[in-house]
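Peer 1: Here the sequence shown stands for residues 155 to 386, numbered as in our numbering.
There's no promise every hint is true.
Said to hold, decoys possible - Below, in silico cross-link-like pairs of lysine to aspartate or glutamate (DMTMM-like), each with a Cα-Cα straight-line distance of 25 Å or less:
hint	residue 1	residue 2
1	K312	D322
2	K312	D351
3	K312	E261
4	K312	D359
5	K312	D334
If you are wondering where the hints come from, they were derived from the structure by calculation, not from laboratory data.
Note that this is a predicted model, so its numbers are computed, not measured.
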Amino acid sequence: MHDRHDTPIDNRGVEATRPRVTLRTHRAGDIGWIIQRHGELYFAEYDWNSEFEALVAEIGAAFLRAFESTRERCWTAEVNGARAGSVMCVRVDDQTAKLQAIRLMPEGARVITLTGMPCTEYWPLLRNAHLGAMVIVRRDGFSNDQWLLEGVNLLDLKYRAAGYFAADPSQLVRPNHCHDRLHRMIDQSLTALPRNDFDYAWLIDVPPYDPSLLEGTQLIWRGPHSVLYRLH
């Protein structure tokens, strides 16, 4: 009788049973599979409807039509010859990348956009300060970054529930150590979010904040220095 430490180990067949994992660039059928799996998984896990699948199809079609092999890639992982996962890297500028968040917003979405600004300048001309306005253009929704000056523009505020977040400069937030009579600090704005009166909070280039202030919300998208939360 052998002691268990002396029992011979038979390694025959180990290589045959080990999964064979490969990673390759995309080929015919891969993008279609990505669209299908996104539609299936996001319906099963989040109950998202076919609008999301249509969005993924648009992204996939755009990738194939304008594919630039020197700057873009799509890799597919296979296990024993069957597709198991994928990752895509595409060329895009900073603003275009951030604007992908709007694709996940429905028509008429009520969106609070918070854009970070530094402490060093009183009113810096931030390139992304009014990115939230694209919610109005692309989704016919409400954005809190518009100027409301009587007699200066033709904009009329109809959504009174917005309160402080009705107009510029409510979209601009300072770091938490930076006190300013005109602008709120990031945690102040997150604390005061009127969740029942808005659908989404879109954070763009914001300074560090207390994540507990977003408890009860749902993170639905993350991009370069940009995140989108569903408020309810």
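Peer 1: With reference to the structure, classify each hint as holding or not holding.
Peer 2: Quick rundown of the hints versus the structure:
1. K312 x D322: holds, 15 Å
2. K312 x D351: holds, 13 Å
3. K312 x E261: At roughly 17 Å apart (the allowed maximum being 25 Å), E261 and K312 satisfy the hint.
4. K312 x D359: Given that 25 Å is the threshold and the Cα spacing comes to 28 Å, the pair is violated.
5. K312 x D334: Distance ~28 Å between K312 and D334 Cα, so the pair is violated.
In the structure shown, a violation is registered for the earlier hints numbered 4, 5, in ascending order.
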